[in-house]
Amino acid sequence: MLVFSTVIGCLVASGCCVNPEVRRTSFDASMTDIPTEMQKVSIPPYRVEAPDILSIEAVNNIRPQNDPLKAGDDLVIRVSRTLPINADEDQVEKDFKQINGVYKVQADGDVDLGPEYGSVRVEGLTLKKAKTTIARHLRDEAGLADPQVAVSLPNVNGKQLITGEHLIRPDGTVSLGVYGSVYVNGMNLDEVKLEVEKHLSKFIHQPEVQVDVLAYNSKVIYIISDGAGAGESVTRIPFTGNETVLDVMANVDGLSEVAAKNNIWVARPGPHGSDVTQKMFVDWRGITQDAVTTTNYQLLPGDRIYVKADPMIATDTFIAKFTVPMSRLFGVTLLGNGTVNSIKRGANGGGNGIF
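In terms of the numbering used here, the sequence shown has 27 at position 27, counting the first letter as 1, and numbering is strictly consecutive.
Note that these hints are calculated values from the structure, not bench results. Honestly, I wouldn't trust all of these hints.
Stated by the list, open to error - Simulated DEER-style distance windows between Cβ atoms:
#1 His272 / Ser201: 18 to 26 Å
#2 Asp247 / Ser152: 22 to 30 Å
#3 Gly72 / Glu195: 27 to 35 Å
#4 Glu93 / Asp212: 55 to 63 Å
Don't be surprised by glycine CBs; every beta carbon is placed ideally from N, CA and C.
Working from the sequences, and respecting the hints, build out all of it.
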């Protein structure tokens, strides 16, 4: 019994004080230029990563000059010096001899100029080549001496309007619909704009886009709460660039009932490949009750706020891991003995049995 009491006393005594390393680290941090609530700094240009959501809006959406025609395109075709029109002809015959209107490129790639002139294949040709091909057809096939042809597009818009939300996929690309995908992972907004415009230049004449971030999903801050011997909970808070310790803790409604107010710190990871980290102690009472902002640090992506559990509650949980199973075992034993004794008294005619 004496040994057991000594062990419990040591556990309580060791848990009630704050780690000296944490105290020393907090003192060192207060003497540095670590950004805090009243002395914030600007975050470097944001670099997008999966699964951020981007807003990409195309300012202009014009087909390039040399974009080939395809089935389904509408063409405005006007031709002068066509077949002569007689005054005694009916209106339908007069209309057949005129070429002045909107003509659709059919599924076979031809454009039908009417029964007087026949069809011309234009699919895969540019507007300039289509004009030359139609003029040659009217000379060679329809017998016109010197037809003057004008061909244009009534709608110069591209295949698809680029607008709306664009999720960065796990492979780091964003989808631009029929124009394919563009890799943007790790780029800032200016770099994303240039990369998207470079890709769209294959399909759109002098593309210009506007890019912004709609949802900051890739950069997070972690809150790790010690469960006083019953595990640890981890909460992810999206990073938007202006959070302090108090801002982030407000997202989880502050401290839990098992938290130790005097044992909270921010762990900041070091560069890749380095085992050196930064540990900054948080004076919870100072940043809440006293409005002392010295330890209300401005947070960065990847920061961990660790909330240690109250040592008394942790000790209670530790003791319960041993005492509760024994208590249950003793309870079952006593219940079993009581049941057996009751059965025996009933069997001996005592009249006080359980039956």
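Here is what the structure says about each hint:
1. For histidine 272 paired with serine 201, a C-beta distance near 35 Å fails the hint of 18 to 26 Å.
2. Judged by the Cβ atoms, the range 22 to 30 Å given for aspartate 247 and serine 152 is violated: they are separated by roughly 58 Å.
3. Checked against the given bound of 27 to 35 Å, the beta carbons of glycine 72 and glutamate 195, roughly 30 Å apart, stay inside it.
4. In this structure the supplied range 55 to 63 Å holds for glutamate 93 paired with aspartate 212, their Cβ-Cβ distance being about 59 Å.
Hints 1 and 2, counting from the list given before, are not met by this structure.
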